[in-house]
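**Student:** Given these sequences and hints, build the entire structure.
Chains E and A supply the protein sequences, listed in that same order. First residue of the first sequence: 128, per our numbering; consecutive thereafter. First residue of the second sequence: 2, per our numbering; consecutive thereafter.
Rather than coming from a laboratory, the hints here were simulated on the basis of the structure. Please note that a few of the clues may not be correct.
[As the list claims (entries may be wrong)] Restricting the straight-line Cα-Cα distance to at most 20 Å, the calculated cross-link-like pairs of lysine to aspartate or glutamate (EDC-like) are:
hint, chain 1, residue 1, chain 2, residue 2
1, E, K471, E, E485
2, E, K257, E, E301
3, E, K471, A, D135
4, E, K471, A, E196
5, A, K124, A, D135
6, E, K274, A, E85
[Unchecked claim] Covered stretches of chain A (chain E as the covering partner; in silico rule of three or more C-beta atoms under 8 Å from a C-beta of chain E):
hint, region
7, 80 to 91
8, 155 to 163
This one's a predicted model, so the numbers in the text were calculated from it and none came from an experiment. We put the CB at the ideal spot given by N, CA and C, even for glycine.
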Amino acid sequence: MKWSIGTKIGAGYALALMILVILGAVSYRNTTGLIEAAQMKAHTYQVLENLARVLSTLTDAETGQRGYIIVGEDRYLEPYQTGTLVVNQTIQNLRKLTADNPNQQQRLDALEPLIAAKLTELKETIDLRKSKGFEAALQVVRTDKGKKAMDDIRKITAEMGNEERMLLEQRSKEMAASSNTTISVIVYGIPLAIAVLILFGLWIIRTLTRQLRASVDQLSTSSAEILATTTQVASGAAETATAVSETTATVEEVKQTAQLSSQKARSVSDSAQKASQVSQNGRKSVEEAMQGMQRIQEQMESIAESIVRLSEQSQSIGEIIATVNDLAEQSNLLAVNAAIEANKAGEQGKGFAVVAQEVKSLAEQSKQATSQVRTILGDIQRATSAAVLATEQGNKAVQAGVKQTTETGEAIRLLADSIVEAAQAATQIAASSQQQMVGMDQVALAMESIKQASVQNVSGTKQAEVAAQSLHELGQKLSDMIGGRSA
Amino acid sequence: MSAPKTTLQKTKKEIDWRELERRMEASRVAVERIWAPTAEDTRRILRERARALAREAVPAETADASIEVIEFLLAHERYAIASEYVRGVDPLEDLTPLPCTPPFVLGIVNVRGEILSVIDLKKFFDLPEKGLTDLNKVIVLESANMVFGIVADAISGVRRILRADIQLSLPTLTGIREDYLLGVTAERVVILDAEKLLTDGKLIVQEQVGG
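**Tutor:** Below, the structure is given as structure tokens:
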């Protein structure tokens, strides 16, 4: 059973109190018993006194009767008279005093008629003396009636006195026993109590000392541990301080880096916006180029049409030339026929033959001219065909150009989109690095707080060290106080 | 694709549109002036003609020394035939093929209201076909009792040939042609014997279609 120190001390006090209460109660009871016994003793003496008074008063009353009888003078009647009065009163007293004793009451019941008979006898004798004189009275006295009554009375009173005396003895014995008990209580109880209390106190002291010693030992080890811990904490705080200062420097660097990256991001954003504008201009240029291409295409078509018309016209020229050629041929034939006719005409036809020769040469020239024209026409046809082909190829090239330009426009559009995205990303990066800078400021603030906290930690650790030292000293003092085993 | 284009653009000279316009204008002016020759041109032409006319005529050869021939082209070869047997030359028009005739008879043709049979000397001479030729002229041969036409590609003209220049025969000219040839000149003109042609019985068609 594990009791706390308070409980133990309380239990000791409770034991002491209990012993005190027991002793007190026993003493009180014995003392009150003694007082009561003393009172009962006084009562018994009163009863005895009253019994004696009954006897004495009766004796006085008899004395008075006898004196009156002898002398006959009223003067001698006085004891009788007072005696009768006192006897009744005393009987009443006795009845009151022995109300708790039925034996005595019975005896009183027996006593009362005897006393009444005695008194009646006394009165009778007195009255006889008074009325009949001495002799009559003497006669009555000689009957020994009075004496017998008196003996009975004496007997009963003696019994009562014996009873009371027996009671008295009994009570005295009780008183003696009681006072013996009291004395034995005082004589044995107090040393016993002292011994018990001393044992208990010793036990409490021993247990308390043991516990206290254990606690003090614990306290001393704890304080030693606290000391070690505070030392560790102090060195840890120092390390923390170094780390914090390093971290602060790093944070400063990171902050500068963030600032730099923010600037870079901003410049990237600006560049991206410029590039976006450039790409928009490029798109516009591409659109213009496409319009230009379309115009070129239309021009090409009109050129091709013109060339085709030219070709058609050269065709009609060819037809004309064919006609001219035909004419030349016929002229040639005619010239040949004319020459034949001239030959047949003989000598007269010679001049005609010359003319015919001329006509023939003209026709030949015409044919040559037409052949040249035809050659030229062929050249023209070839040239126009080449031109048409060239325009067709040009048209195709323009179409390819349109397609390429469209692709270029698309590429520029994609590029512009990418650039816009890049600009947005750069803006976001700038915002992020701004936030980063703010965060770094907060981190720096936090680092400052940590620094202060570690400084406070160090001072707190010093205080803790001092407190641990004082704890140690306290433990030492306690150990000294407990004494005994202290080294 | 774009790379050669750019190199083309680099190598090619830029088009001088003004130069082009100038050239176009010049050609237009030239075309317009063709019909109205300048005074200098006119003078030059007239002078040339005068010079030609002022030339002394070639001294007339004797009729025996030379013959007058009509030279023509047939299957890229030059032929000539004496003009005394030639009535005239005409364009070959509206040839009507005749059935049941030998292959060398092309058909009949209406020449100035006269129906003439037309003979293809190429087929008659069994010359190899060397591609298609014009065959759009007809030379009408005539003698006292025979008139027919031979087709020619072109009529070169009338000329005189010295008899001395005619080589009588050539080893290359063999077969049926040899019979109808007078000779060959130094200019490789084959001179046909018109008289023989006109009198030859081979040309007289006497085929009968059975039935």
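**Student:** So, against the hints stated earlier in the document, which numbers end up violated here?
**Tutor:** As far as the earlier hints go, 2, 3, 6 are violated by this structure, in ascending order.
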